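Novice: Residue strings, one per chain:
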Amino acid sequence: MADDGSGPEALDESTENAALGNALAAEHAAVWGYGVVGAALGGDARQQAAGAESAHRDVRDQVSALLTGRQAEVVDAEGAYALPFPVLSEVDAAALGAVLEDGVTAAWVRVLDQAAERSTRELAVGVLSAAEVRAVGWRVAAGQPSVTRPFPGLPDA
Amino acid sequence: MSVTPSSPPPGFSRRTLLAASAAGLALLAAGCSSPPADEREKVTSEQADELAAQVAVQEALVSAFAAAGAADPALAAEVAELAGQADAQLTRLRAASPGGSASASAPAAGAPAGPDARAWLRGQVAAAATSHATASVDQSGARAALLGSIAAGLRGQDGRLA
Chain A
1 MADDGSGPEA
11 LDESTENAAL
21 GNALAAEHAA
31 VWGYGVVGAA
41 LGGDARQQAA
51 GAESAHRDVR
61 DQVSALLTGR
71 QAEVVDAEGA
81 YALPFPVLSE
91 VDAAALGAVL
101 EDGVTAAWVR
111 VLDQAAERST
121 RELAVGVLSA
131 AEVRAVGWRV
141 AAGQPSVTRP
151 FPGLPDA
Chain B
158 MSVTPSSPPP
168 GFSRRTLLAA
178 SAAGLALLAA
188 GCSSPPADER
198 EKVTSEQADE
208 LAAQVAVQEA
218 LVSAFAAAGA
228 ADPALAAEVA
238 ELAGQADAQL
248 TRLRAASPGG
258 SASASAPAAG
268 APAGPDARAW
278 LRGQVAAAAT
288 SHATASVDQS
298 GARAALLGSI
308 AAGLRGQDGR
318 LA
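Going down the list, the sequences are from chains A and B.
Counted the way the working numbering counts, the first sequence spans residues 1 to 157.
Counted the way the working numbering counts, the second sequence spans residues 158 to 319.
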């Protein structure tokens with residue numbers, strides 16, 4: 001039963017599952033994208049990408065199991081994805097890492113907005129924070145002038 | 158920019174990932190996700206109190222940036238952008254709070270002078286992030302999203318201050 005305190009009709013398992021499905025799609029894309037990121041990096045940066053990919057695999061599996069347990073729709077990964085820009089250098093790879101984390105962050109903020117269960121919000125805020133910390137690291141590596149965000153995942157006011 | 162499926166599979170358009178997220182967030186921004194906005198934005202008195210408490214947490218953090226900057230002028234210049242972001246977060250939190258205005262007072266921050274100010278400030282940022290993250294779990298809807306987003310942003314600042 002949903003434990004949302006703002007009213008029994010406001011948020012329910014269907015709104016939550018839809019948002020989780022969206023987050024699952026974002027995690028699939030991140031796992032795929034980090035293959036591209038890692039291939040363009042060397043040394044410690046490649047290890048950083050591998051760690052990020054592993055983190056996204058873990059979240060992907062967790063969300064997939066959660067939705068399966070609820071007999072909700074489980075979105076499959078695509079065979080391939082179109083990159084937002086060519087990845088021709090380590091700077092490009094780092095910028096792609098930031099884009100991947102931005103996508104995940106937006107999806108998990110959406111989960112927070114739509115979740116009915118406290119446990120789901122706990123999951124969401126943890127994943128969201130971890131993604132933003134990785135995003136900051138990639139923005140630094142990409143040489144972006146501004147590397148932190150006041151409202152990760154939220155649209156501008 | 159986004160990472161999208163390379164070809165449109167059955168039942169799944171090219172706009173996966175960020176496009177889907179952006180669409181959802183547009184709804185979130187407009188306050189018009191599936192249930193009616195006025196229904197979703199009901200705030201229990203307990204949630205209102207908790208949100209007011211988070212406004213006070215953020216006010217204390219903004220004060221902490223000022224105190225750290227006063228204690229270490231070089232640090233002040235270095236963290237000016239982070240301080241500005243903390244201030245923007247406070248503005249948006251106040252707007253989301255049912256009271257809508259500043260809380261009674263934020264505790265005075267006492268930053269140590271010199272190089273220790275950076276570590277002290279980092280501790281303040283981390284503590285505020287933890288507080289907002291914890292509070293987000295007890296909120297719902299747009300308020301949970303806002304608090305969670307701010308918590309994540311402060312986690313990013315924490316890493317930057319490391």
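Honestly, the hints are just simulated from the structure, not real lab data.
This structure is a prediction, so every number in the text was calculated from the model and none was measured.
Note that beta-carbon positions come from the ideal geometry of N, C-alpha and C, so glycine has one too.
It cannot be assumed that every hint is accurate.
[Said to hold, decoys possible] If you want the ones that stay clear, here's a sample from chain B, every Cβ over 10 angstroms from chain A, calculated:
(1) GLU235
(2) SER254
(3) GLY267
(4) ALA299
(5) GLY310
(6) ARG312
(7) GLY313
[What the hints assert, rightly or not] Here are the in silico distance ranges between beta carbons for each label pair:
(8) ALA72/A with THR291/B: 25 to 33 angstroms
(9) PRO255/B with GLY79/A: 45 to 53 angstroms
(10) ASP44/A with ALA252/B: 35 to 43 angstroms
(11) ASP156/A with ALA284/B: 40 to 48 angstroms
(12) LEU88/A with THR248/B: 24 to 32 angstroms
(13) ALA80/A with GLY280/B: 38 to 46 angstroms
Novice: It remains to establish, for every hint, whether it holds in the given structure.
Specialist: Comparing the hints with the structure gives:
Once the 10 angstroms rule is applied to beta carbons, GLU235/B is consistent with being away from chain A; the minimum gap is 12 angstroms. For SER254/B, the non-interface assignment is confirmed: its Cβ lies about 15 angstroms from the closest Cβ of chain A, beyond the 10 angstroms cut-off. The beta carbon of GLY267/B sits about 25 angstroms from the closest Cβ of chain A, which is more than 10 angstroms, so the claim that it is off the interface holds. Annotated as non-interface, ALA299/B brings its C-beta within 10 angstroms of a C-beta of chain A; the closest such distance is 6 angstroms.
Not every Cβ of chain A is farther than 10 angstroms from the Cβ of GLY310/B; the closest lies at roughly 5 angstroms, contradicting the non-interface assignment. Distance to chain A contradicts ARG312/B as a non-interface residue, since its nearest Cβ pair spans about 4 angstroms, not more than 10 angstroms. At roughly 4 angstroms, the least C-beta separation between GLY313/B and chain A is not larger than 10 angstroms, which violates its mark as non-interface. About 27 angstroms separates the C-beta atoms of ALA72/A and THR291/B, a value consistent with the hinted range of 25 to 33 angstroms.
A C-beta distance of roughly 48 angstroms is found between PRO255/B and GLY79/A, which places it inside the suggested range of 45 to 53 angstroms. As the Cβ distance of ASP44/A to ALA252/B is approximately 41 angstroms, the hint placing it in 35 to 43 angstroms holds. At roughly 27 angstroms, the beta carbons of ASP156/A and ALA284/B sit outside the given window of 40 to 48 angstroms. Taking 24 to 32 angstroms as the suggested C-beta distance range, the pair LEU88/A and THR248/B does not conform, at roughly 40 angstroms.
Between ALA80/A and GLY280/B the C-beta distance comes to about 44 angstroms, which sits within the given range of 38 to 46 angstroms.
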